[in-house]
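Novice: Please work from the sequences and hints to get the whole structure.
Keeping their order, the protein sequence lines are chains A, B and C.
Heads up, the first sequence is in our numbering, so the first residue is 83 and it goes up one at a time.
Heads up, the second sequence is in our numbering, so the first residue is 792 and it goes up one at a time.
Heads up, the third sequence is in our numbering, so the first residue is 55 and it goes up one at a time.
Think of the hints as simulated: they come from the structure by calculation, not from any bench.
In this text, all values refer to a predicted model and were calculated from it rather than measured experimentally.
Glycine included, each C-beta is placed from N, C-alpha and C at the ideal position.
Do not take every clue at face value.
[What the hints assert, rightly or not] Rough simulated footprint, nothing fancy, chain A against chain B, three-plus residues with beta-carbon under 8 angstroms:
1. 949-961
2. 1037-1049
[What the hints assert, rightly or not] The calculated label-pair distances, taken between Cβ atoms and stated as ranges, are:
3. C/Gln-203 - B/Ser-1111: 46 to 54 angstroms
4. A/Pro-224 - B/Gln-880: 17 to 25 angstroms
5. C/Ala-124 - A/Asp-378: 50 to 58 angstroms
6. C/Gln-203 - B/Gln-880: 53 to 61 angstroms
7. A/Asn-261 - B/Arg-972: 32 to 40 angstroms
8. A/Ala-125 - B/Ser-897: 56 to 64 angstroms
9. C/Gln-203 - A/Thr-280: 46 to 54 angstroms
10. B/Ser-828 - A/His-383: 29 to 37 angstroms
11. A/Gly-120 - B/Gln-848: 52 to 60 angstroms
12. A/Ser-312 - C/Ile-310: 26 to 34 angstroms
13. A/Ala-395 - B/Thr-926: 49 to 57 angstroms
14. B/Ser-978 - A/Glu-361: 49 to 57 angstroms
The lines below spell out each chain.
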Amino acid sequence: MAGREITVREALCEALREEMIRDKRVFVIGEEVYGGPGGFKGAFKVTEGLVAEFADRLLDTPICEQTIVGAALGAAMTGLRPVAEIMYEDFITLAMDQLVNSAASTCFMSNGQYHAPMVVRASCGSLGTHPHTWTSWFMHVPGLYVAFPSNAYDAKGLLKTAIRDENPVLFLEHRKLYNIKGEVPEEEYLVPLGQARTVIPGESVTVVAVGHMVHLAESVAEEMRGEGVSVELVDPRCLAPLDLDTIVGSVRKTHKVVVVAEDWRTAGPTAEMAALIGEQCFEYLDGPVIRVGARDTFIPHNLGMRQHVIPGAAQIRQAVERAIEWR
Amino acid sequence: MSHSEEQLVSLYRWMILGRQFELRVEDLATRGLIPASVHQGIGEEATLVGSAQALSQDDFMIPTHRGHIAAIAKGTDPKRLLAEILGRQDGLCGGRAGTTRFFDSSSNNLGAQAVLGSVFPIAVGAALTQRRLNTGRVVLALFGDGTSNEGTFHEGLNLSSLWRLPVIWLCVNNLYAMGTRFTNASSVPNVADRACAYGIPGRVIDGNDVVRVYEEVEEARRRALSGEGPTLIECKTYRHKGHSAFDRNPYRSQEEMQAWLARDPILTFERALRTQGVLDDERIQRIAADVQGQVDEAEAFAVNSPEPRPESALERIRYSGEGN
Amino acid sequence: MASKVLLPKLTYEMEEGRILQWLSKEGDRVSVGQTLFVVETDKAAIEVPAELEGTLLKVLVPAGETVPIASLLGWIGKVNETLPSGEEPRPQSTAVRAAPQERAPLDSREPEDIIASPIARRMARELGIDLRDVQAHLGTKRIREADVQAFAKVAGRTAGPSALPASGTPDSELVQPTPFQRAMASHLAQAASIPHLAVECEVELTRLRLLRDQLAANWSAAHVFPLTLTPILAALAAKALGAGSLLNASWTNEGIRLYQDVNLGVAMASDRGLVVPVVRNANRLSLSDMAAEIARLREAASANRLQPADLEGGTFTITNMGMLGVTRLTPVISPPQSAILGIGAAQTRLTLDEGNLKQVEFCAVTLAADHRLVDGAQSAVFLRRFKELAEDPEALLGS
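Specialist: Structure, rendered in structure tokens:
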């Protein structure tokens, strides 16, 4: 890998730009993606770098999430390659019908006559207003992929792959990651959907973490390494499809596992992962699968309260200790 | 506007085919061969045939759940449609979609709606493609009076007008959404009254006059292709049967039903064509027999088509490219 | 063709047995049902009959050896019959295993009350380790992989001679515990997890001695065996308990099980060690029947002929160590029971009775009870009742 460091935001923009050059059918549709002169150029400035070259391919819409996603579907079915943007994942509930009932089932129901090569990007995570992160709702839907990168390299590679994929992909961008820099090569590369990455190899206990949680887990792993505990950190990068092979391989090695996500704990992605690990690794487990998720309450405005709800490094550490000390 | 005899007879035949097809579907339903409920368009032939026939082959259509007649008039093979309704392997979608959700790419039918109301955003998207690629194709979006109250109606009409998209918004107002009278569901007496909210023309017409519907849609098509944007056409019509196959519709009065039955679009058209000398008994018989044969053929095809393999439910959930 | 003599599985938990004695030797004729050999299991010494008629052609496992169940012990057939070739390998003598071995299926081996992680169970299975031994070794609630690994190391060390003598300890000999000893160790390790409360009182023996002498007069006319104090004390204890007593109960995960009748375990010696056969429904027996049953059990114990059924189902235990010279004892409860009564040796002391010095005989009686069910006051109530009955026994013991 070359030594160039760029932010996640820049990496996403590069991905869009490269794919728009490569394929004329690719365009962006959403609120404030351009905004004309003096416009926002992306609520989180992801599309700012595209304005100069591709203003005609950045379609600003009124506030109509259902139609942003549904129009993306109609366009995808008839030959274009839309990248729809939902400003905050909190708003995606307005578009659930189009995403779940229409887009995800198009190929299946039409028996392949039509399909929906579209990406729906949404910013998520407990930064600012509208702080929710939802992944398990979408993991639940057949035909829908869910990508959730944790760093610049994966963000660029996954978005390019998602745009080239022939089917709907929900692409989640954690807002705490937009400004975080990472090594991104100049040369073109892709990250396949459904392939996990072992961030830190280890021997004693497996930690599976996704999105921003990967960074917290990383700091916990480093701290515990100094105390003689060897944590293996796995970043699935995609929640659907989930790279179970990598996770299972890790658990079969360490026999202890913690799964971490920022969604509400109940019925969150960790629940599905715990069930899968239980099924595939039962005789290898030295204790139950430990889950870390947001407490089952709404994420408040006050920061102290918010910290109490969203998992932090301390919760991850406690969970790892529990996994080790189950008595 | 003058139409050739050929065109008029063609419209008549499509309506006869539509009705006979729906009656056969009803028959198959009572014989227990259809795994779900069916929604028949008997009584709405003029609207459904008139609008579909006004389009070109290349134009797109999104039907409602009551979409058999429109689909056939757009060019769907009745054999494959009936097989799909029966859930068989040779159906349009391999038995997966059934009567309310089928797609037919060969006639550019983008599929009936999974949940009513998705016609609006999807039509916007499909029309967006036509404008950006300058294809010269339009999108006919069909929806009922009930569906016009979904939030997406507002989003879709607003955006299609704003972007001047080549869409024809056609409301099939049969006065009832399931058991709910339109007057109990809408704040205004006509769906088309809302058009001004979006800066587009709204036209209320007699949906039982097939020629009228045809001409109106033709005009809307011209507007769309010339870049003037969408039109909202409201066709007042009536379904002769209940909402679905076994609905006895006690919510509609006998007087009302009789009045509308007297305005049966096929009988009215037939009378008019007789008067004009375009149709006579012999021609009518021939057409009836021909259509009967076509429907018989569709039934035989559908009933003899095998059940799909149950495991095929796990196939083609995602598209994987050529030869998918 | 000659038939195999295999070591049968005689109890639910039996995995191996020690051949105590062959009752026939090579060349003897045996008939169906005739006792062929005696085997010691984790519970008792059991006689195993021959299953067919014939001559005991070969004895492969001599007395004193311990082998796994289903081992080939010998052959029965016709005189001079040749034995199938290649079928003569002697079964391996078993010791505490550290090497991996195929074991019986999971279910038949593992009791439900052991909590162990799946990998710990698998590892134990593969190493041939009994998880109860691991728990006994650790005294922990949950067994994990590291625990099994640690135990395997320990077990491995005891399988062979020590490589180096620990500095400062004298020369020693390493013996394998018998199945009986191992069962006892495991059982008592379980007992260690019960919180014991011991309370004691002194019981004057005057009236008991009097009663015994009165009964003894006519006793030999009706009984072969002599009447000792033990059956009298046992009968008194059974009466003192009463129905539904917390002292005649078991603490279980599902709740406290209260027994309606008393199955009284009576501790007694055998040359294998201490055994506690059970007198069923002791609260309903007459003194005569009680004594007869205890005598029967004692004889069977000394002849090593107690059956597993004789040893199971006890709800309360009495242990009289007086004849061994023990003045007081703090007995250990036998799980899953909730109490045990220990009787000490007779002692004398001087007391004042209406101003006169009197010599009185008494013994120390100690009740140990499961403090999870029983508190000090409840224990004291039982002791007082037992003392009352013991110091005024005639009323309750009719015949």
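Novice: Please go over all the hints and tell whether each is borne out by the structure.
Specialist: Hint check results:
Evaluation of the coverage hint for the segment 949-961 of chain B: fulfilled, as 3 residues show C-beta separations to chain A shorter than 8 angstroms, against a requirement of three. Given as covered by chain A, the segment 1037-1049 of chain B fails the check, having 0 residues with a CB less than 8 angstroms from a CB of that chain where 3 are the minimum. The hinted range of 46 to 54 angstroms is satisfied by C/Gln-203 and B/Ser-1111, whose Cβ atoms lie roughly 47 angstroms apart. A hinted range of 17 to 25 angstroms holds for the C-beta pair A/Pro-224 and B/Gln-880, which are about 21 angstroms apart.
The hinted range of 50 to 58 angstroms is satisfied by C/Ala-124 and A/Asp-378, whose Cβ atoms lie roughly 55 angstroms apart. Between C/Gln-203 and B/Gln-880 the CB atoms are about 58 angstroms apart, so this pair conforms to the stated range of 53 to 61 angstroms. Here the CB-CB span from A/Asn-261 to B/Arg-972 is close to 56 angstroms, at odds with the stated 32 to 40 angstroms. A beta carbon spacing of about 42 angstroms between A/Ala-125 and B/Ser-897 contradicts the range 56 to 64 angstroms that was offered as a hint.
Range check, C/Gln-203 to A/Thr-280: Cβ separation about 26 angstroms, and the 46 to 54 angstroms hint is violated. The beta-carbon spacing between B/Ser-828 and A/His-383, approximately 48 angstroms, falls outside the hinted interval of 29 to 37 angstroms. The given range of 52 to 60 angstroms is broken by A/Gly-120 and B/Gln-848, whose C-beta atoms sit roughly 45 angstroms from each other. As the Cβ distance of A/Ser-312 to C/Ile-310 is approximately 46 angstroms, the hint placing it in 26 to 34 angstroms is violated.
For A/Ala-395 and B/Thr-926, the Cβ-Cβ distance of about 55 angstroms falls inside the hinted range of 49 to 57 angstroms, so the restraint holds. For B/Ser-978 and A/Glu-361, the Cβ-Cβ distance of about 54 angstroms falls inside the hinted range of 49 to 57 angstroms, so the restraint holds.
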